[in-house]
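Asks: Working from the sequences, and respecting the hints, build out all of it.
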Amino acid sequence: MKRIGLRASCVVGFDGAQHVLWRDGEVVFAGSRIEFVGRGYAGPVDQWIDYGNALIGPGFIDLDALGDLDSTVLTLDNGDERDMGRMWSAEYLARGSRESYSPEEEVFKYRYAFTQLIRNGITTAMPITSMYYREWAETYDEFAAVADVAAELGLRTYLGPCYMSGMSYWQADGTLAHHWDEARGMTGLDAAERFFRDFDGSHNDLIRGALLPDRIQTCTPTLLQRTAALSRELNAPMRLHCCQGLGEVAMVEQLRGTSPLGWLQQLGLLNPRSLLPHGIYTRGDDDLQRVVDGGASLVHCPVVFARDGEALNSFGRYKAKGINFALGTDTWPADLLDNMRQGLNVARLMEGGNALTSTLDMYNAATLGGAKALGRDDLGRLAPGAKADITVFTLRGMHLGPLFDPLKNLLLAGRGDDCIASYIDGRCVMHEGQVQGIDYPALQRQAQQQFEKLMRSHGDRAFGQPDWKRLFQPAIPFADEFSAQAPLCAIDPLL
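Numbering (our numbering), first residue to last: 1 to 495.
Bear in mind the hints are in silico, worked out from the structure with no lab data behind them. Beta carbons: idealized from backbone N, C-alpha and C, even for Gly. A hint or two may mislead.
[Claimed, not checked] Pairs of lysine to any residue, SDA-like flavour, derived with a Cα cap of 20 Å: (1) Lys453 - Gln465; (2) Lys2 - Arg23; (3) Lys469 - Asp80; (4) Lys408 - His431; (5) Lys469 - Glu104; (6) Lys408 - Phe14; (7) Lys2 - Ala30; (8) Lys321 - Glu351; (9) Lys469 - Leu74; (10) Lys453 - Gln485; (11) Lys2 - Gly426; (12) Lys2 - His431; (13) Lys408 - Gln342; (14) Lys408 - Arg23; (15) Lys2 - Leu21; (16) Lys453 - Ala30.
[Stated by the list, open to error] Restraint ranges, calculated between C-beta atoms of paired labels, are given here: (17) Gln254 - Arg445: 44 to 50 Å; (18) Glu481 - Leu360: 51 to 57 Å; (19) Tyr440 - Ala413: 22 to 28 Å; (20) Gln449 - His178: 30 to 36 Å; (21) Arg95 - Gly174: 15 to 21 Å; (22) Gly16 - Pro477: 54 to 60 Å; (23) Leu360 - Asp492: 40 to 46 Å; (24) Asp405 - Glu481: 49 to 55 Å; (25) Ala355 - Leu403: 22 to 28 Å.
Replies: This is the structure in structure tokens:
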């Protein structure tokens, strides 16, 4: 087994309780496990790699990891979401929902997204995609192919087909209604169980299974009760989006007679296996105490909410109550450094100062917090015995400014693509910024073509099936009709 040693000006180690910073540090690993972190390793090493002025640290853990060609970005400054055809309309539902992509295109979007995750220093991912563009949720066969893509690229993933028993849709009068199909939900849960039993621990344990129902408002009591029982039986992580919108909270309270967190508590879904994005809209301290008492983790995705003027109130207050936080990207860009930076700034705005939330708090959420949420003490840290999931961020970039603290410099001014090397399970999956085996120009061209197809599908879901190009408002008004009919998504991105 080849033993590899890495050196850099700064190394983030782990002393058994917390991250610690080594100057002129070293990390030595053999196979999938780390053997040494510190300075002055005296044993034999087959290959030393010196990264110079860089920060070697644990790979980031993204538990709401963008697995899509992100559609959320299309809502930016685009008017009333009811008019743009992202969500289903009553007309679309009556005609019959359909897939926006071919099976091959569905798998490609994961290849593109997983490449972006690795490029941004993420080594463990639990992906999320939008169900608005699907006929109905995800399939076993699709995720069997997704597992192969993750293993090929070397990304550590927690996978499972998303399932649901309902879908929200707009009525002609602008009100929201809900379509239910319990049978489809149960079929989806069966597929998720089959996938877990077939793939959990596959590809040398790079692939783990997870139960991933869609959102609390698209799941019936029976579906979530069976999910809770299956999670206990399989000891499977379970992620459920909740407390992310006022409409969701009102719907759950109307249908279930309690808050979303109260309902999850009744269902037995607030426990250490539970991962809950986003936790923003709750019913106060008593509601949050349910999360603490159950041992569930919240997955914080600050960028996607700040973009729409929404925020957790607040990271520091929740953390002080004893809630464990992981981080997620959830939207483009797939950059956890950006989420840490915006998460820190938003938290301090909500808290009115800098006493409750620190730079290290955000870094911990992206590493140790994610590992705790997964029940893994071998991830999110560089220590002997831990998995060799290692990232290298260059500190040479002029955009970082004069160096005074490697983590603060990166959080203040860094980008995900400052990550120049990544090792997952001891395998070098990215070298000098190049994800191994990926043709970046070809990948980007196909993504661009496929994204236009996604944009075209908005016309099908909108009332009256309008010209899809009219559904998207440019940030700068078009000068003439030619410009309006020649959308930017049709431009070759590499010209």
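Asks: If I claimed the Cβ atoms of Gly16 and Pro477 lie 54 to 60 Å apart, would that claim hold in this structure?
Replies: holds (59 Å)
Asks: Is the hinted pair Lys2 and Ala30 satisfied, with a Cα-Cα distance of at most 20 Å?
Replies: Holds: Lys2 and Ala30 sit about 6 Å apart, inside 20 Å.
Asks: Does the structure keep Lys408 and Phe14 at a Cα separation of 20 Å or less?
Replies: Roughly 18 Å between the alpha carbons, so the hint for Lys408 and Phe14 holds.
Asks: Is the hinted range of 15 to 21 Å satisfied by the C-beta distance from Arg95 to Gly174?
Replies: holds (20 Å)
Asks: Using the C-beta atoms of Tyr440 and Ala413, is the stated range 22 to 28 Å upheld?
Replies: Given a distance of about 24 Å, which is inside 22 to 28 Å, the answer is holds.
Asks: Starting from Lys408, check that the Cα of His431 is at most 20 Å away, please.
Replies: Cα-Cα ~24 Å, so violated.
Asks: Between Asp405 and Glu481, does the beta-carbon spacing fit 49 to 55 Å?
Replies: holds (53 Å)
Asks: Between the beta carbons of Glu481 and Leu360, is the distance compatible with 51 to 57 Å?
Replies: holds (54 Å)
Asks: Does the hinted range 44 to 50 Å hold for Gln254 and Arg445 at CB?
Replies: For Gln254 and Arg445 the Cβ distance comes to about 47 Å; the hint holds.
Asks: With the threshold set at 20 Å, check whether the alpha-carbon distance from Lys2 to Leu21 stays at or below it.
Replies: violated (26 Å)
Asks: CA of Lys408 to CA of Gln342, is that 20 Å or under?
Replies: holds (13 Å)
Asks: When you check the alpha-carbon spacing of Lys453 and Gln465, does it fall within 20 Å?
Replies: holds (15 Å)
In terms of the numbered hints stated before, the structure departs from hints 2, 4, 5, 15, 16, listed from lowest to highest.
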